[in-house]
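Asker: Sequence:
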Amino acid sequence: MSFIYFKIRYLTRVMFMECTEAIKNRRSIRKFRDDAIGEEIINELLEAAQMAPSAGNMQARDFVVVMNRTIKQKLRQAAINQSFIEYAPVVIVVVANIGRSSRVYKSRGELYAIQDATAAVMNLLLAAHSKGLGTCWVGAFEEYIVSDLLGLPDKTRPVAIIPVGYPDEEPVAPPRLEPGKVVHMESW
Numbered sequence: 001m002s003f004i005y006f007k008i009r010y011l012t013r014v015m016f017m018e019c020t021e022a023i024k025n026r027r028s029i030r031k032f033r034d035d036a037i038g039e040e041i042i043n044e045l046l047e048a049a050q051m052a053p054s055a056g057n058m059q060a061r062d063f064v065v066v067m068n069r070t071i072k073q074k075l076r077q078a079a080i081n082q083s084f085i086e087y088a089p090v091v092i093v094v095v096a097n098i099g100r101s102s103r104v105y106k107s108r109g110e111l112y113a114i115q116d117a118t119a120a121v122m123n124l125l126l127a128a129h130s131k132g133l134g135t136c137w138v139g140a141f142e143e144y145i146v147s148d149l150l151g152l153p154d155k156t157r158p159v160a161i162i163p164v165g166y167p168d169e170e171p172v173a174p175p176r177l178e179p180g181k182v183v184h185m186e187s188w
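Start counting the sequence shown at 1; every next residue gets the next number (the numbering used here).
Calculated from the structure, these hints are not laboratory results.
Idealized CB from N, CA, C, for every residue including glycine.
Hints are supplied without guarantee of correctness; some may be wrong.
Said to hold, decoys possible - No farther apart than 27 Å at their CA atoms in a straight line, the calculated lysine-lysine pairs in the BS3-like style are these:
{"no.": "1", "residue 1": "Lys-155", "residue 2": "Lys-74"}
{"no.": "2", "residue 1": "Lys-24", "residue 2": "Lys-131"}
{"no.": "3", "residue 1": "Lys-106", "residue 2": "Lys-155"}
{"no.": "4", "residue 1": "Lys-181", "residue 2": "Lys-24"}
Claimed, not checked - Beta-carbon label-pair distances, calculated as ranges:
{"no.": "5", "residue 1": "Ile-71", "residue 2": "Ser-107", "range": "29 to 37 Å"}
{"no.": "6", "residue 1": "Arg-103", "residue 2": "Glu-169", "range": "37 to 45 Å"}
{"no.": "7", "residue 1": "Arg-108", "residue 2": "Asp-35", "range": "36 to 44 Å"}
{"no.": "8", "residue 1": "Asn-43", "residue 2": "Ser-107", "range": "33 to 41 Å"}
{"no.": "9", "residue 1": "Glu-18", "residue 2": "Tyr-144", "range": "38 to 46 Å"}
{"no.": "10", "residue 1": "Met-51", "residue 2": "Arg-108", "range": "18 to 26 Å"}
{"no.": "11", "residue 1": "Glu-21", "residue 2": "Val-183", "range": "21 to 29 Å"}
{"no.": "12", "residue 1": "Val-104", "residue 2": "Lys-181", "range": "22 to 30 Å"}
Whole structure, please, built from the sequences with the hints as guidance.
Answerer: Next up, the structure:
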């Protein structure tokens, strides 16, 4: 069979990946190819992220898309020098919009905004994987430095830095705890 047949078959498989397959096969990618990511794909990823559930449909999360090399270098520095951040073609910073959520939920608004943001992160990671892209959820960073660097307004918190690019590695699945150690029925 021809190369084109296999390429089409591969692309079809990636495009129509089953949800559970995407969940089981997604890996954190820390090495990216130099290939650019088109604006249309970035918009599709952001749309998928925005489709995540949110408390009261407040959608208390925002996204800062970074492609500028200097800003990516500063994000790397803020994230304990995790160099792969700088070398990803695109970096998306997911921000909890506490002000938006707190208008309705008062003191619980911060928690709900963080939950909204993290649900969006997972959608983003899975959508990227289904398109053949690699990502890594980076949570180790100096929050105030990132906020200042990106000009985030009051009552927001950066929750995750997500480098996005075409993978240049294929990591194996890390071991997971068996269900008997993490699943509790009826009570702990």
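Asker: Against this structure, judge whether each hint is valid.
Answerer: Now the hints, each set against the structure:
no., hint, in the structure
1, Lys-155 <-> Lys-74, "holds, 22 Å"
2, Lys-24 <-> Lys-131, "holds, 15 Å"
3, Lys-106 <-> Lys-155, "holds, 12 Å"
4, Lys-181 <-> Lys-24, "holds, 19 Å"
5, Ile-71 <-> Ser-107: 29 to 37 Å, "holds, 33 Å"
6, Arg-103 <-> Glu-169: 37 to 45 Å, "holds, 43 Å"
7, Arg-108 <-> Asp-35: 36 to 44 Å, "holds, 42 Å"
8, Asn-43 <-> Ser-107: 33 to 41 Å, "holds, 35 Å"
9, Glu-18 <-> Tyr-144: 38 to 46 Å, "holds, 41 Å"
10, Met-51 <-> Arg-108: 18 to 26 Å, "holds, 23 Å"
11, Glu-21 <-> Val-183: 21 to 29 Å, "holds, 22 Å"
12, Val-104 <-> Lys-181: 22 to 30 Å, "violated, 37 Å"
Consistency note: the structure conflicts with earlier hint 12 alone.
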